[in-house]
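Using the sequences provided together with the hints, build the complete structure.
Residues 377 to 1081 in the numbering used here are what the sequence shown spells out, letter by letter.
Derived by calculation from the structure, the hints in this document are not laboratory data.
Among the hints, a few may not be true.
Claimed, not checked - Cut-off 35 Å, straight-line C-alpha distance, at most; resulting in silico cross-link-like pairs (DSBU-like, lysine-lysine):
(1) Lys912 x Lys974
(2) Lys755 x Lys477
(3) Lys579 x Lys988
(4) Lys577 x Lys988
(5) Lys988 x Lys974
(6) Lys577 x Lys947
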Amino acid sequence: MSAIPPIPLGTLPPQALGVRTHCPYCAFQCGILMGEDLGGGLPRITGDPNFPVNNGQLCIKGWTAATLLDHPRRVTSPQLRERGEWRDASWEEALDVVADKVLAIRTKHGANANGVFGSGALTNEKAYLLGKFARVALGTANIDYNGRFCMSSAAAASNRAFGIDRGLPFPVADIAHAEVILLVGSNSADTLPPIMQWFDKQKASGGRLIVADPRRTPTARGADLYLQLTPGTDLALANGLLYVAIEEKLTDPRYIADRTTGFDNVRGVALQYHPARVERLTGIAEPHLRQAARWLASARSAMILTGRGTEQHSKGVDSVHAWINLALALGKVGAPHSGFGTLTGQGNGQGGREHGQKADQLPGYQLIEVDAHREKVAKVWGVEPATLPRKGKSAYELLDSCGSEVRSLFVMGSNVAVASPHLSRVEQRLKALELLVVCDAFHNETSAHAHVFLPTFQWAEEDGTMTNLEGRVIRRRVVARPPLGPRGDIGILHELAARLGCGEKFAFRTSESVFNELRRATAGAPADYSGISYAKIETNDGVCWPCPAEDHPGTPRMFGDRFHHADGRAKFFPVEHRAAGEEPDAEFPLFFTTGRYKEHYNSGAQTRAVGKLQSAQPVPRLELHPRLARRHRVASGSRVVVESRRAKVEFVAEVTADIRPDTLFAPFHWGGRDAANLLTGGALDPTSRMPEFKLAAVRIAGVRA
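Written out as structure tokens, the structure is:
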């Protein structure tokens, strides 16, 4: 079955041998071994004990990842919608329909009337090629991807503060050696379960863990200090901790003077955040504020790590800046086993945002509005720089313009009808499109509105590279034969480009040939992959970028000597707490926030099709505090209708003291009437254009047993 011979690994027993590859889900990108099932069924998955990130550990999603490979609901033929129903079509017919409609729309409405929506689940090769396809084959500025909903706020803040964005600028193994870790807005025990081995090692060696989160999550239950802050007040909390550090002389003056700029302005702002004010805003008592600041400052090594809870707000960039300011003021960024980092979510969330899927970027984190970057990439692509479009619409703005400015949308690997905010609005816009094309292996809530469905290979059926949360570029290998019918995304893009008149620029025979062009396009760029090759990845368990030359070992740890700005210094940014895009009031008095279950992944399009995962978490459950439950006569198992200014959603209640009395929580893995994102709004961060997923004002509108 395997397209690659099994690779012997150390002293593993013969039955454990398999092809080395990686889990298809989160950004931890656990190493796995896939081998033949002795009973002739699905490939056997085991954790790769020799891959240094997960050391053989997997979560329940990883163990069950092969289930989808022969799933009965898999689509194996292109499909066209006629009179509201799908019918099978040949590839030639389906691709002709797409190309003809795209050309007609471009002729009538201009190139920017065709849009593209990508994914943080695509390999580096596919993300790169999709960006090139949008700009060269379609000529459109309007390409963005679902990573805009994930890491964009942290990326924007890191780029401004450090001059570069890499989620973790140090190996994940460094977590085990940090004396103190502050984890903000991340429930890693559910979202990145195998990462907890490193936190366990940190605790076992005497380290301390501080967790800030409105919910006492499984992660927070293991904390030495738990800060149960009010939703949307992360920025105030960070400024309050910096106030304590300044007042108690806990900052590092030498580090600030030698390695940073702009501290005086930040100091002036931070001194407005007296602990009494911060306690009113966040609900965190002054003694806990002071304890957290002292632990971080006095530790020889300390980390501040943020997740989506901090970033998915209309002030997400400023909130991340506040935590970076604190880490810089304490002298921790770039110090041994210390630093600031963000925990990337999607499988290729890091690589996906580096190589051209974002509206404002070209490969390697180069900027589409910078003429020198345009000229360099245009040369690699063999086109004139003037033919490349400029900056397009961000993800939510792109979806919101569907049916008006944008007449067609090509979606690859993303289920926008579940993962987007203000879903009722997004669904209306999708229905208004003249052409919606979905490339995927299974039908989902987005394809329910599509005109063309193009069936694709799955993760185990194609070769390529991914970049994990450490910036480690790794190999995804072919370990299963696809059924007859589906095609690879690279081949689909080539066929469409040929019909659009530029097939020669997409005529790649292998994923490695795409990667080699990506290497040339990123040479000298912030995310420089030019020194990384497939062979080099094979012999090194991956290579961390930047890697600017063939003989360069890669860069597992960044910022030890200098930052990426021209002067080598990090930049402080003064930031002020401000109201969310929507705050609770007399009419809608409760906070509503969203998150994940460990059994499901993102929009649930994959995991809800896996019986073991779906049976473990069959429906989204609404968490609410016993005090709030008594007020509304809610018991666990009751059906509770939650209403925002946009929609009503009915959930099964779960009464728990682990959540604040003023806050409701539900996971966002479901679509249709169960979609939590029907309640969320469209407020965007002014810099990152991140939607405010983590805070909506709601009320309990009904209860039934």
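Status of the hints after comparison with the structure:
For the given pair, Lys912 sits about 33 Å from Lys974 by alpha-carbon distance, which is consistent with the 35 Å threshold. The straight-line distance between the Cα atoms of Lys755 and Lys477 is roughly 29 Å, inside the 35 Å bound, and the hint therefore holds. Pair hint Lys579 plus Lys988 holds up; C-alpha atoms about 32 Å apart against a cutoff of 35 Å. A distance of roughly 30 Å separates the Cα atoms of Lys577 and Lys988; the hinted pair therefore holds under the 35 Å criterion.
Of the pairs offered as hints, the one joining Lys988 and Lys974 holds, with about 12 Å between alpha carbons and a cut-off of 35 Å not exceeded. About 32 Å separates the Cα atoms of Lys577 and Lys947, which keeps this hinted pair within 35 Å; it holds.
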